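Line order of the protein sequences matches chains F and W.
Residues in the first sequence are numbered from 1064 upward in steps of one, following this note's numbering.
Residues in the second sequence are numbered from 393 upward in steps of one, following this note's numbering.
Hints listed in this document are in silico derivations from the structure and should not be mistaken for laboratory results.
Note that the structure is predicted; figures quoted are calculated from it, not measured.
The beta-carbon is built from N, C-alpha and C at its ideal position, and this holds for glycine as well.
Be aware that a few hints might be false.
[Claimed, not checked] Incomplete in silico selection of chain W near chain F, CB under 10 Å:
no.: 1; residue: Ala-489
no.: 2; residue: Ala-592
no.: 3; residue: Glu-594
no.: 4; residue: Gly-898
no.: 5; residue: Met-1064
no.: 6; residue: Gly-1072
no.: 7; residue: Ser-1098
no.: 8; residue: Phe-1110
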Amino acid sequence: MAAVSLTVNGKPVTADVDPRTLLVQLLRENLRLTGTHVGCDTSQCGACVVLVDGKAVKSCTVLALQLEGADVLSIEGLAPANGPLHPMQEAFRENHGLQCGFCTPGMILTAVDLVRRKGHELDDRTIREELEGNICRCTGYHNIVKSIAAGARAMGSVPASKAAE
Amino acid sequence: MSATGIGVAVRRKEDQRFITGKGHYTDDINRPGQTYAYFVRSPHAHATIKSIDSKQASSMPGVLAVLNGAELAADKIGNLICGWMIHSKDGSPMKMAPHPALASSKVCHVGDPVAVVIAETLAQARDAGEKVNVDYGELPAIIDPAQAQRPGAPQIHEIAPNNTIYQWHIGDPAGVDAAFKSAAHVTKLDIINNRLVPNAIEPRAALADYDTGNETFTLWNTSQNPHVARLVISAFLGMAPEHKLRVIAPDVGGGFGSKIFIYPEEVVALWASRRVGRPVKWVSDRSEAFLVDAHGRDHVTHAEMALDAAGKILGIRVKTIANLGAYMQVFSSAVPTYLYATLLSGQYQISQIYCEVDAVYTNTNSVDAYRGAGRPEATFVVERLVEVAARELNIDPAEMRRRNFVKTFPHQTPVIFAYDAGDYDASLKKALDLADYKGFAKRKREAARHGKLRGIGFSTYIEACGLAPSQAVGALGGGVGQWESCEVRVNPTGSIEVLVGSHAHGQGHETTFAQVVSERFGVPIDSVSIVHGDTDKVQFGMGTYGSRSGAVGMSALVKALDKVEAKAKKVAAHLLEAAEGDIEFKDGNFSVAGTDKSVPWGGVTLNAYIAHKFNGQELEPGLKETSFYDPTNFTFPAGCHICEVEVDPETGNAEIVAWTAVDDFGVIINPMIVEGQIHGGVAQGIGQALCEGAVYDQGGQLVTGSFMDYAMPRADYFPTMTVGTTLTKCPSNPLGIKGCGEAGAIASPPAVINAITNAIGTEDIAMPATPQTVWAALQKSGRSLPHAA
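Chain F with its partners taken away, still in its complex shape:
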């Protein structure tokens, strides 16, 4: 077993883990943050995407021990508890960007990272190409693309402190 200290959703966390523990296992099993999902075992599906120091990372592909001192944001931490939804979450609901909901947390966090990198005006082609690492079986992506475009615009029109998350 080995110890690792990091920040998860703004809270300091120290855990004693088997060295082969993946970040997704730390989140789901140790911290009971089950909003991060596992949809494959080859790092293809993107259901497990979280933000590590603001960047989208597949949490099935990183060992927990690699994250000493890192700042991890999972879907549970995207909007303040009992506060309003993040604009990207709101956009997914408004545009029916989810059906079964299993890929959704990864889609939303990938989208937040996409906005960070590419800005608030995202065309259809850009969004579709940027979703290369996220698989959805329900929606045909149509409404996910619509949601991300709307969410990106909405993130541009809310106070910077919230949109930066």
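On the provided structure of chain F, position chain W as indicated by the hints.
Chain W in isolation, oriented as in the chain F frame:
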């Protein structure tokens, strides 16, 4: 109309928990003292099991048990079953081979489970699984369904000589022969309907908890139909009586058919939980899912269409070999028979149809229902035949279809179904307008100028869903009834709980069922909760598949609401001191006709329970009603999908550049959700047509065993879709609903292939139409450079 009633694009109630990561999928649930299961699986496609040595594995850290098939049999756990009897044309019953949850004498496909390790942690179970030594005697394997019946082919099950499960047929062979004799033209096609892996993004999972004190089981399971799972596990596997087995299907992350079935893993988890006296959790990884979740399609077909000189269809003759894999699954016999050949009439008036289907065993994973289930295969046959015939007869493909459409209803086809309502001209016309069919020639010329071959393809499909009238199902061999049930509990304060037998795994029932209640009682959907997926709460249900939840499940809801309203009117009559017949109910208010006397919804619900204003001996207190609704017919959604592709002759890449879908689903409860179903269904159909395909090598290894090898369609495969609807109400159910869940996957594959073949000038192309396949076809057709006109 209520602001959250029928026809409104209400935003989904269930989304709040999904977008905040607060859903409860099976793997999110944990029980105190929980252990973990890891399955030891066959690496061989076909082999005898000589011995299983678990000694070393049993002594490894954290291991509680290593269990095998002999122990399963000793504990009298029965075999998995197929629940639909099909008889061959000679009258003999289908050959259902034994399917134990753990193989004990031989394995029949790669991934067949032979042992299970139960340990304190998953890592420990996995480590120990590596140390279970199974001594196999390898046998030759048969993989190709077209070869499975040949003399000398390896024999998989003793009960099924020549690997043949049944040789079934439907229709009048002599009548069809006569039609072909009189034909001016015959179109012939050889078709392979490619094998698909369902790949719901949530992998299957089971958490089994045996209560030693009460001798009861609870199973949390990724199931589309928890009551059916309980029935089968109880009645056929003999695990426990139904009343001692609770099955809960919580949030389920997509199904597409693959989670209808009862699989070895949940059965073994239950059994192991009783053996070790602790909860047992099993979660499939994606590699296991590829190997053992029931696959879809996999037909080899020769099809012929007879036509007169004017393009009138005279008859269809089809011979199909359906690969059912190594073992039969719950519905697998029905998919290539009654869900397939009965749809070969399409939207067309065809007086003669004959279809023969041989179902075969091979050393591959089971094949059963996958979104559409038989109907996509039938639609592919019919819509490819019609399109090719039109080209051969030099008739415009839209005009060809129009000439042959069924125009009057009801319409009896020669293959069982009586279509009840539809307007196929209307959906075709609307689709032609939305797709700007008239402008296609210009778009083709423009594409040619930038070096692309542009093609257009149609699919005017029909499907039969709303499964299904129970007596009809029984007459065709089905082992269960296919009614649906509902319970409506109105609480004293007026809020409403609706317990439904259908199950949602992405379809949004918590919203749409609440909309039906909102419309009826004038209450907001926030005061209605929909409960599903728990056999201890819901009285019974047949689950969700076959686009049945709206057409059948909501009909059960309406029936229960009728009873609630009738009872509430009796209570209101007492409150208003009026005759029951004079009570009117509108927008949540009960009033006496012709007066200003009224009582609101909440007044009636409260009084129904406090029972002060009526005699409890004459009128029972309470406001709770149940219903069972058995449909009187299947429903027949239909429509027209038009695909436009641009093929790059240099690479063979076929890009879908436009998609138009016009569907008639009858009455629509929530247009936003229905559009979402179309998008998703079309995407799965485009996946089948362009990129997906399960490939086994000749030794039976699944070559496409992960998302790295099996091409799941990504976001950049698709254009923005244009979706429209037309409306003819379904006459057989109270809301006029036809159903929409499978239409996209049924309609779309032939539209894609018709578009590609139109672009490249040869019909000889197989699914998936990968760039390599298209490029090779182009080399043969000679149309390797666009002809700029």
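**Hints the structure fails to honour** = 1
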